[in-house]
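Given next are the chains, with one letter for each unit.
2 protein chains.
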Amino acid sequence: MSNVEVQPLTESGTGEIVAPCCPPLTERPMSAEEASVAAPMFKALGDPVRLRLFSAVASHEGSEACVCDISDVGVSQPTVSHHLKKLKEAGLLTSERRGTWVYYRVAPSVMASMAQSFAAFGS
Amino acid sequence: MSNVEVQPLTESGTGEIVAPCCPPLTERPMSAEEASVAAPMFKALGDPVRLRLFSAVASHEGSEACVCDISDVGVSQPTVSHHLKKLKEAGLLTSERRGTWVYYRVAPSVMASMAQSFAAFGS
Numbered sequence: 001m002s003n004v005e006v007q008p009l010t011e012s013g014t015g016e017i018v019a020p021c022c023p024p025l026t027e028r029p030m031s032a033e034e035a036s037v038a039a040p041m042f043k044a045l046g047d048p049v050r051l052r053l054f055s056a057v058a059s060h061e062g063s064e065a066c067v068c069d070i071s072d073v074g075v076s077q078p079t080v081s082h083h084l085k086k087l088k089e090a091g092l093l094t095s096e097r098r099g100t101w102v103y104y105r106v107a108p109s110v111m112a113s114m115a116q117s118f119a120a121f122g123s
Numbered sequence: 001m002s003n004v005e006v007q008p009l010t011e012s013g014t015g016e017i018v019a020p021c022c023p024p025l026t027e028r029p030m031s032a033e034e035a036s037v038a039a040p041m042f043k044a045l046g047d048p049v050r051l052r053l054f055s056a057v058a059s060h061e062g063s064e065a066c067v068c069d070i071s072d073v074g075v076s077q078p079t080v081s082h083h084l085k086k087l088k089e090a091g092l093l094t095s096e097r098r099g100t101w102v103y104y105r106v107a108p109s110v111m112a113s114m115a116q117s118f119a120a121f122g123s
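Chains as they are written, first to last, in the UniProt record's numbering: chain Z, 1 to 123; chain X, 1 to 123.
Simulated from the structure, these hints should not be mistaken for lab results. Treat each hint with caution, since some may be false.
One copy or any two copies: either way a pair holds, since identical chains are not told apart in the list.
[Said to hold, decoys possible] Calculated cross-link-like contacts (lysine-lysine; reagent style DSSO-like; alpha-carbon spacing at most 30 Å):
| no. | residue 1 | residue 2 |
| --- | --- | --- |
| 1 | Lys88 | Lys43 |
| 2 | Lys85 | Lys43 |
| 3 | Lys43 | Lys86 |
In this text the structure is predicted, and so the values were computed from the model without any measurement.
Using the sequences plus the hints, can you model the full thing?
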């Protein structure tokens, strides 16, 4: 038995499980704890190259990509690798090594959870 | 007559005009130009205190707030003012002076535009 309190996961409109990282920003003032989880995600997307890399992975065939798939953002492969790791550390991407390459994909629930943050305006 | 090329505004599902800052991240790789507009917005939200302040304004009665309305984020009023200005510079808030106080509100289209960025995953 565990006494650890687990925050409930909620379902988005698409049935996807949404992590409790990002409550609707318009619903109520965000708590310090919530902000400490969500802010690093926004920060990771706050760099133009990282934002483009996140978009490159999210829009790639099969919703995953390796460094070998990304060549058009104007930075070297080591720099691409560095930024992809930062996106992973922020909880935005997951990764899996297959042979020579590490494949990145958007972490489950991230898109729905982020969309939810901005969804409730005016409602 | 002007030769300046104006990017078209699009309408969100709610009929709100959406600025072209944030195309769906999953639709296609974001261009350098698009990223240079959107990244500063994410960067501004990448600080926990600024994120809480943005949420405090967005969730406040009438969807606007002045420094005088915000007292519970654990920083001084000058610091609150500083962060609200940063959020304004990033295009997330607009401001209007009324008497002693500057009132901030979420810039039109920001919520819909940001939600749109994260909306198209899996579709």
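Verification of the supplied hints:
{"no.": "1", "hint": "Lys88 <-> Lys43", "verdict": "both (12 Å within a copy, 17 Å between copies)"}
{"no.": "2", "hint": "Lys85 <-> Lys43", "verdict": "both (14 Å within a copy, 18 Å between copies)"}
{"no.": "3", "hint": "Lys43 <-> Lys86", "verdict": "both (10 Å within a copy, 14 Å between copies)"}
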